[in-house]
Amino acid sequence: MKENLHRFFRAARGAGVRVSPAESIDAMRAVSRVGLSDRGILRDTFLLTLAKTEEEKQALGECFDLFFKIPEPEQPSQASPAGGQDDEKSEPESPQDAAGAGERSAENRGPLAEMLLSQDRSAISAAIANASSAASLSDIRYFTQRGIFSGRILDQMGIQRLRDDLDELAAINPALAERLTTALEQLRDNVRDIVSQALLLYGREEAENLRNEILRNAPLSQIEPRQVEQMRLLIRQIARRLRERYSKPRKRQRRGHLDVRRTLRRNAAWGGVPFLTAWKRRRRDRPKIVALCDVSGSVARVSDFFLLLIHSLHEVVSDVRSFAFSGHLIEVSDILESKPPQEAMQEIMSKVGFGSSDYGGSFADFEKQWMGAVTQQTTVIVLGDARSNNLDPRADILRRIAERSKRLVWLNPEGRTAWGLGDSEMSRYATFCTVVRQCATAQQLERAVSDIVATYQ
Amino acid sequence: VAEHRPVAAIEAVENGLAAQGYIASRQIATAVYLSQQIEKPILVEGPAGVGKTELAKAIAAWRGLKMIRLQCYEGLDEARALYEWKYAKQLLYTQILKDKLGEVLGGAETLHAALDQLHDFGDVFFSKEFVEPRPLLQALEQPTGCVLLIDEIDKSDAEFESLLLEILSDFQVSIPELGTVSAAVPPTVILTSNGERDLGDALKRRCLHLHIGFPEQRLEERIVESRVPGISQTLRRQLVGFIHDIRTLDLKKLPSVSETIDWARVLVLLQASELGPEMVKDTLNVLLKYESDIEAALPQVTTFVAKAARQNVFG
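Chains A and B supply the protein sequences, listed in that same order. Numbering-wise, the first sequence is residues 722 to 1178 according to my numbering. Numbering-wise, the second sequence is residues 1225 to 1539 according to my numbering.
Treat the hints with caution; some may be incorrect.
[Said to hold, decoys possible] Residues on chain A that point at chain B, a partial pick, calculated with CB under 8 angstroms: (1) S741; (2) A743; (3) E744; (4) D747; (5) V755; (6) G756; (7) I762; (8) D765; (9) T770; (10) K773; (11) E775.
Treat the hints as calculated values from the structure; they're not laboratory data. Quick reminder that beta carbons are idealized off the backbone N, C-alpha and C, glycines included.
Isolated chain A, as found in the complex (with noise of 0.2 angstroms):
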């Protein structure tokens, strides 16, 4: 049993569950207590012990529900006297069998030949687990590695004898031979059956990771449309991962440096005699993002993804406007609050999207009528290729809210050998910058915002 559970937790940290030793060890006693006759019961216990959130709830008792319906590698050594009296029963078949195909080769067949001509099915699934934890299949991570188990399972049900066993009868005795082998391939077919439910139990978290590592690293703009979906998941990920580093409360600092300016200013009333003291604190500020979005083409799918992922830190950020542009700019804040992504980003695309992009005349749009947004605190995230079709890109606008801003980060989908190449302005803009840098991946992404954010801690 004590196996079985362990398996079970395995399964559990597959399908994202995090199953620490500890939970484990409560799980055991919760479970000492309900016993195991009631599934029912069993499924809330391990519901209430081992998954902390909602999301992980559900991913548990999905998994529960696929794991109980996998035959227990320990079931027929726990109903062995049940089995032993199935054995019986079927022995004295055999003789009779073996007497019409020829006593000689009866006595030399394998337990395997033996066991698929008595078409006993408890006992054949019960061999078949039993195989199957023999192989560790519960170390199963990849689907490549789905032919090797099923070839370590049925090695270790004796394959290599029944073969020796069927040329024998081929020769023998063809019509049991011709049973033998319609039988082996229903094994066959029963061992890929485990496996690939194994797979789907054990590997998923592999191969969510596995998927996931080669999505981070790929190109935004170049992502097909069924893994749009998934992009969509990971960025949600991201933004959780950032919200948990950065969203701790922010200590003030009690103690310190003597603020002489105001302890001096405070203390006037006493003729300078510091009855009271001030200390210098650190201001920490929430960030305050304006954000200003190439939609254009190209650069669509990254802004997309990069509005997503702002506006999904409420926790971090105390302010975010955005703004999309293409021939010219608007504001999109309250489409993205308002509306699921898919809708939004749809919306925004209807409005200013796909046209071709004018630097210029959108900087102009924007100082005309929301420059006020930027203030001192304000980190101004640009997000585009630069490529302004080789109208005036008005770098002193840009310059103007440099000036004004915290910060001014530009965030370029395009690869630094391509920037100043043909009609992108990037080096122009580039000197009015805080910070250029490349961001076409989703890991990239994450690293530019978590940069942006961490400078106000």
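Take the given structure of chain A and dock chain B to it, following the hints.
For chain B alone, kept in the frame of chain A given last:
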């Protein structure tokens, strides 16, 4: 026979809570049973008004224990949650005992001897007599055990969580001057959270994690039945059906079980026997707490009422 015991015990919990007017789902009952068996706190999460606090009250009433409640808020600290020294009493006593003090110290020949005598005596003022127990310490000191409700833990600061860890895992607190105080009888601890912020893993690890969502239709009907006895079966069904439809809308704050009960009471007071569109529109403010939510729900009322009435016929 032994394997049937837990099932029976869990049913006993369900019945016990039901007798106090708290209709628990199987999962809630299992959580209560397990927390008793393996002596672990229950962390209850879920939307406001689904009966997280009520659960603690019901457990206390069912087991005949005292309930001690600690309401959390931002800035809650050790002095208000755990214990505090009675400074005023300490001062008063030193004043009263001043003369006595002189007598005792008068016998000392040297300064050193006086200091020694003072040392023996200093401990008097930092003894149990001068400790003001706050809810957490009170809970540990109850001779017959109690139900300790730590309400809205998500409102407190992250530091306060760390303070709780010792109590939650070992049912003891360390007071530097006195040593460790262990619980006479481990209290049943219920923590509630509205998910305003994510709680630390250390805290979660020490608790059974119970999520109470909105109840299923049948369960909610039973809850209304137990809480609002005067209500007719027809009205009860229609009302719960209607609320389940309302919950499918995209609202700022979905109506919770507490709102269902309030609304049921209002309808009984108005002597309604059936749900009618007009009456629903008039009393919708009991159910929905935001103007924008009411506006969003109003156009749907007639459809939902008709649907609830139909359901009642076939259900």
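**Asked** Honestly, which of those hints from before does the structure not fit?
**Response** No numbers; nothing is violated.
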